[in-house]
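Protein chains in written order, with my numbering: chain A, 106 to 269; chain B, 106 to 269; chain C, 106 to 269; chain D, 106 to 269.
Just so you know, the hints here were simulated from the structure itself, not pulled from any lab data.
Source: prediction; values computed, not measured.
A virtual CB, placed ideally from N, CA and C, is assigned to each residue, including glycine.
Please note that a few of the clues may not be correct.
As the list claims (entries may be wrong) - Quick list of simulated restraints, FRET-style, between CB atoms: (1) C:V248 with B:E113: 36 to 44 angstroms; (2) A:E261 with D:G153: 50 to 58 angstroms; (3) D:T178 with B:D254: 40 to 48 angstroms; (4) D:R143 with A:A166: 21 to 29 angstroms; (5) B:G123 with C:A257: 37 to 45 angstroms; (6) B:G268 with C:E181: 16 to 24 angstroms.
Number of protein chains: 4
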Amino acid sequence: VPSQTGGERRYVAVVGPGEATETELSLAAEVGRLLAERGAVVITGGLGGVMAAAARGCTDAGGIAVALLPGGTRAEAHPHSSIVIPTGLGELRNGLIVRAVDAVIAIGGSWGTLSEIALARRTNVPVTCLGSWQVTRGSAEPVDLVRADSAADAVEFALAAAGS
Amino acid sequence: VPSQTGGERRYVAVVGPGEATETELSLAAEVGRLLAERGAVVITGGLGGVMAAAARGCTDAGGIAVALLPGGTRAEAHPHSSIVIPTGLGELRNGLIVRAVDAVIAIGGSWGTLSEIALARRTNVPVTCLGSWQVTRGSAEPVDLVRADSAADAVEFALAAAGS
Amino acid sequence: VPSQTGGERRYVAVVGPGEATETELSLAAEVGRLLAERGAVVITGGLGGVMAAAARGCTDAGGIAVALLPGGTRAEAHPHSSIVIPTGLGELRNGLIVRAVDAVIAIGGSWGTLSEIALARRTNVPVTCLGSWQVTRGSAEPVDLVRADSAADAVEFALAAAGS
Amino acid sequence: VPSQTGGERRYVAVVGPGEATETELSLAAEVGRLLAERGAVVITGGLGGVMAAAARGCTDAGGIAVALLPGGTRAEAHPHSSIVIPTGLGELRNGLIVRAVDAVIAIGGSWGTLSEIALARRTNVPVTCLGSWQVTRGSAEPVDLVRADSAADAVEFALAAAGS
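The shape of chain A in the complex, shown without the other chains (with noise of 0.2 angstroms):
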């Protein structure tokens, strides 16, 4: 653990469903691999898929990931992360995922994930997608969610976004 203290880190979260294709588990890697390098500590859902894969890249470039899990037992987590917490909040978790971050980088499109990304915009918490959710109001304007084309925009992003 470097000198600098806890509440100086940035912490951008990598969401993302459980499931997940090879090339959103590859992004998802390099994405952790990305922040790691870059000294920022990573927070995902602590479960299997894009989860497991960003706190994987993270922890093997030697940075600090941190699952948040939504059961009440750390049994559940993938064996990828610096520190678990079991929260036991079910799906609330997800809100507390976007509370503890500067920024939320998405990856691919579960119900969970598109949660993730709405709580972030009503919070005003930078998101930034890879392969995720469109998504349109109910008339037709397109909404302005931020995509990148790559897992480095996606982190040069997140990390301009969370000042840093």
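With chain A held as given, fit chains B, C and D onto it using these hints.
Relative to chain A, chains B, C and D alone:
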């Protein structure tokens, strides 16, 4: 309060933005009224706009409306609910609303509303939308949000889906 | 439901163990009845024992009782509440109960009850105890938990402290 | 960060008041140091007093301390934690702390501390007290809170109870 106990009733959330159009407010009030007439408890987020209109429609028709507020004090509630619960959970109360109900009716399109739609889908709570969000997964295929054309249709769908 | 709106009512939590003595159950039922007669909403944790007795006393007297359950489904609720909210928060719902009320009446002494007494004192919600815990800080000095000798005294204290 | 993953570590909460005596602060720092030397993660409420002293003792000895703050921003955290999570849950974060750990060490006696002791006992998380609360059920019998006479004894008990 009729003889039916609280555990036997049907609970329906009416979710939507605190700032809404006249059409949305009118739909919300009608949805609230129809739910009251069918004996369902209406749960809202307790603030203005769609939330206040739905609660007013419900209680004006003799129904029971429950407000689950994001803040920690009842002072911020609209004056139309039978019961006011300040949760102090901030945006996490969106998840509490979804968890408490048998069906969700979404009217209009704020980010908070989208988070409730997504949390409901994530946890298999039936949702129907009146002029609310349209969502698409990254690539192409549209996603099957149920849409209603009228307050009556929305209520019919919600109660049918809720099993009453 | 009378014309008074939900934001204007007084809310009082009746907290106590799910397994209780006959004396405790009798006190809880009387407290529930007296609170109903005074127009206060009774909030309980929604399970058995003291919680069920207080809710039954309240609703049998025409009052409104709200159950805030620890689990995520209404199935576990006692059948005596007007409104049943499954929070899915586990023991964290104890804090939600305290946050929602103007005063707490504690009857009997489980650990869950003690957590509610302590959270209430921590957040300046008035508490009165009917045969519940006695607590002392490490060294010596006794701590000033208000104690009542009867259901009537407990209700009197709670409503006075709640400002009604 | 050593090779052990976050799910395999032992987690111990050190709970106590934000305003504490010199003796309590000294005990908290020693407890934090000893837990770090034994490889346990220290979780605190992230504010001052006992919380800050325990985290400082831990991180000064090369350990990992996690702060679970009541508020929604990292700004209120003490500067001694490795990881800072703003929960925005207010006093409900006391329950989150208890849920996240294998054992609790309570130092000193605020109402918040008592709520954590009670929640831990309620959910079968082992607790040991250093000069903290004494509690008695209404009638007479004293209740079996484990007490330690020194920081070393408290840590020994906590880690033994946590199964490591």
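Look at the Cβ atoms of E261 of chain A and G153 of chain D and judge whether their distance stays inside 50 to 58 angstroms.
-> Because 37 angstroms falls outside the window, the suggested range is violated.
Confirm or reject the claim that R143 of chain D and A166 of chain A have a C-beta distance inside 21 to 29 angstroms.
-> For A166 of chain A against R143 of chain D, whose Cβ atoms are near 27 angstroms apart, the range 21 to 29 angstroms holds.
Falls inside 36 to 44 angstroms, the C-beta gap from V248 of chain C to E113 of chain B?
-> holds, 42 angstroms
Quick one: are T178 of chain D and D254 of chain B within 40 to 48 angstroms, going by C-beta?
-> holds, 44 angstroms
Cβ-Cβ distance between G268 of chain B and E181 of chain C: within 16 to 24 angstroms?
-> This hint holds: roughly 18 angstroms between Cβ atoms.
Given a hinted range of 37 to 45 angstroms, is it respected by the beta-carbon distance of G123 of chain B and A257 of chain C?
-> holds, 43 angstroms
In this structure, only the earlier hint numbered 2 is contradicted, and the remaining ones agree with it.
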